[in-house]
Amino acid sequence: MNMLTEGRPTKQDENLAVPDQGALKTHTGNRALMVDEPLIFETGSPDRSGVDLPEAPSVESRLGGLDRDEPISIPGLSEAEMVRHYTRLSRQNYAIDVGLFPLGSCTMKHNPRLNEKMARLKGFSDIHPLQPVDSVQGALGLIDELATWLKTLTGMPAVAMSPKAGAHGELCGILAIRSALEARGDAREVILVPESAHGTNPATAAFAGYKVEDIPANTDGRVDLDALKARLGPDVAGVMITNPNTCGLFEPDMKAISDAVHEAGGLVYCDGANFNAIVGRVRPGDLGIDAMHINLHKTFSTPHGGGGPGSGPVVFSQALAPFAPLPFVEKTADGHFHLVEEETAEDHHESSFGRMVAFHGQMGMFTRALTYMLSHGADGLKQVAEDAVLNANYVLRSLEDVLEAPFAKSGPCMHEALFSDNGFTNGLTTLDLAKGLIDEGYHPMTMYFPLVVHGAMLVEPTETESRAAIDQFIGALRSVAERAKAGDEMLKSAPHFAPRRRLDETQAARKPILVWQEPEEYAEAAE
Amino acid sequence: MRYLPLTPNDRQDMLATIGASSIDELFVDVPEDARLDGPIRDLPMHAGEMAVEAHMKKLAKNNSAAGDMPFFLGAGAYRHHVPASVDHIIQRGEFLTAYTPYQPEIAQGTLQTLFEFQTQVARLFGVDVANASMYDGSTACWEAIVMARRITKRGKAVLSSGLHPHYVSVAKTMARFTKDQLVSEAPTLEAATDGADLLEQIDDDTSCVVVQYPDILGRIGDMSALAEKAHSHKALLIAVVTEPVALGAIKSPGQMGADIVVGEGQSLGVGLQFGGPYVGLFGCKQKYVRQMPGRLCGETVDSEGKRGFVLTLSTREQHIRREKATSNICTNSGLCALAFTAHMTLLGEKGLRELAMLNHKKAVATADRLASIQGVSLLNESFFNEFTLVLDKDTRPIVRKLADQKILAGVSLGRLYPEEGTLAHGLIVAVTETSSDEDVEALAIALEGELA
Ligand SMILES: Cc1ncc(COP(=O)(O)O)c(C=O)c1O
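Residue numbers (the numbering used here), protein chains in the order written: chain A, 1 to 527; chain B, 1001 to 1452.
No lab work stands behind these hints, which were simulated from the structure alone. Watch out, some of these pointers could steer you wrong.
[As the list claims (entries may be wrong)] One-sided excerpt, in silico: chain A residues whose CB lies under 7 Å from chain B:
no.: 1; residue: PRO57
no.: 2; residue: LEU130
no.: 3; residue: VAL282
no.: 4; residue: THR464
no.: 5; residue: PHE497
no.: 6; residue: ARG500
A quick note: this is a predicted structure, and the numbers were derived from the prediction, not measured. Virtual Cβ for every residue (Gly too), placed ideally from N, Cα, C.
With the sequences and hints as input, model every part of the structure.
Take a look at the structure:
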């Protein structure tokens, strides 16, 4: 054995027997960096705090006799504990910063840190939405500049900036469609949505008071134009088409679809969640659509934040522009920015369908998205689309021999590759494959969406992965796919190496525990 | 291009693997007349960090930042001190760059935080359960009205005149399309809330009565009688809280019988950000859980019996139920919920109560100072950290003029209610722990100048 000069061993004894690590137990149950973290309700206490506040002035309170006289029971932690608590929790998360995140339809690309820095400039982060407009000219100017980018990139004449996420943008578009139809006295009741559409599409149409009907798909994963045409009629308000669609394919008939819908008196909503595949290469405005939302948190790199926030501006055609929601920014001839809110609506914009959210939208996301657009420029954004599409096709062609790719014969895909579970044996499913991929160190792809493919696996590598990273991922997915086809029993109990083994979702739903409750002993002791 | 790792060689090799001769071949499905031949014109080309930063800083400079001057705006968005450690936590890449925790085994960080968030919100509101966040307070408010319609199968919602006018506008926009009936009026400049009037509006057709607490004018009303009346007609009481810090000082809506409590969580952890992103809070009684909108995080165990957390009851949601879902929401406000929770965890009950009393007492002292000015009277008998002044002049021009002098005085009712001439003399002033005595004095002197 080698020794340092102070006598500390530096190398393990070569003859030492190393036990099977699965059999080893630790006192804490932790495994080195894999550390379990209790809830704040188990470690904190209501009389501990991580903030120091100045004395309050000594005046009588004026709370109208409604003083909070019952315990709130929210525990506190010191700053040291709080930072450690959430840092430890963070280490149980997979994230883009940790590795390739091929979650189809979600465009999990790198989130540049310059965006974060810019969003924190006090001139953006520390301004109130109701400050007099003269004191926020820079903010309104930023909104106007971002709006110009969005209109130019999509080739559409107008944009509503206030929607809070993609689904909220869909709602914005559908309300504009309904307003436009009502304005011409046309009470149509049905919105047509392809079966392959994201769940938010039918949910949105219903939320806006519409009946929803399916549009059938053809065998190569696209809208069946003839079937759509056959269904169009005086009761159809419009269609919601995703393009590129959720099978990762461009809808080559988009213009024909738009024309047919318009001819039948309806309007065309395009779900633009997949804009990343075509940004800078195709302008949706050239395809005859009337409204489309853009997820700034996908195409334009604002972080997904563990579930949000997002931002879903909606571009409009000339036909829908007058119905856009309040508020919006207008630039006057002298370069001043004006905020059109309720007060001036009657003067200028009487056909606007009204306000759909308090204040003016997701400013924090606008700052990040504009920073990203300026960084890439028109040339860089085109390259973004090309590399995203290239990476996805590379994944598709590298794996189609081992995973069934139901639409691969119809030609290239766009920014995501779609596979099915056809050929898996021994009862193994897409879920099992996904959990096996976790053990390989990856976040799985989107599973079981779109619904039109059995056991769907939607892989979106994005443009911010290197070739080496993609090759490594392909190798891992190939290996797990081969195991799924060979019926490897071990996949059924995967993941084996994650912070948690497979979690019981059935139990969670049967007896939902949604908030922490004091353990019984505590309750009894308190009695 | 600094965010794109592929080299020209990589691209060539990969095209060869695919069997395509050029990138254009991958875009064959795009009709020819829709293909662009080069980068889109009329937009700048790519730029380095320094150039982008310079551009953004120029825009940022052209705004009056609240922290640089006396600042008293509220009306649904409040300036509180956010401890430095909160921003540190939300910038951890493992939180910042994750998404909705669809794969719970590798998302326990997000999920456990959401479970803590749900518990904190439920306890703050005094209700049984809360969800994992909505976009903001105004959309959460409409979702609550929709939920009440689903539960009661009635379509008439009675809105308090003290409900934030933007929240009212959102509800009116939506109700026009969904054919819900809304009863709503603008507020009047009286010391008492409209609780007594609302009592008379509740009948057997009413699905819910929606009350903001404290209300848009800063008034605090006891909602117990409204809850009782609503329940006697099998209607629901929905309480709306736009300033959650208040609940460190005043009774929770749940304690007064509210069935659904929604709110804007921006005050804790999030910052002003010109109106977004914010975080909608949504809580209710246990018996209505299955009618809630949005994501819910629940406790369960893994196959080794270890405690863990998952998204649950998803049969309510759009990705399963599609057009029959309780809501169309998908992406919510996850990161803002984390900021809320980290800030709340630093405070704890003790810190929250202290923060609330600090806000309240500063507001009391400020209200008295401002009400001592000739031509200014204080509307409220009770309030939390926000009150309404009635000036003997139209307040909107005054607020604009003071902003030019670098004093952000408050929110004029004329801005919020342009149609209501009777409200033009009203000014809503919010005071938080960030307002100093010097700020208050500066505002008082400026107002004296304007009203002299
Ligand atoms: C195709 C598609 N449409 C709509 C949405 C909804 O967007 P958001 O989650 O921002 O509401 C998504 C994203 O999840 C999507 O993938």
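Each hint, compared with the structure:
1. PRO57: With a closest approach of 5 Å, the PRO57/A hint holds.
2. LEU130: Cβ of LEU130/A sits 5 Å from chain B, so the hint holds.
3. VAL282: Hint holds; VAL282/A Cβ to chain B Cβ min 5 Å, cut 7 Å.
4. THR464: Holds, because the Cβ-Cβ distance from THR464/A to chain B comes to roughly 6 Å (cut-off 7 Å).
5. PHE497: violated (10 Å)
6. ARG500: Cβ of ARG500/A sits 4 Å from chain B, so the hint holds.
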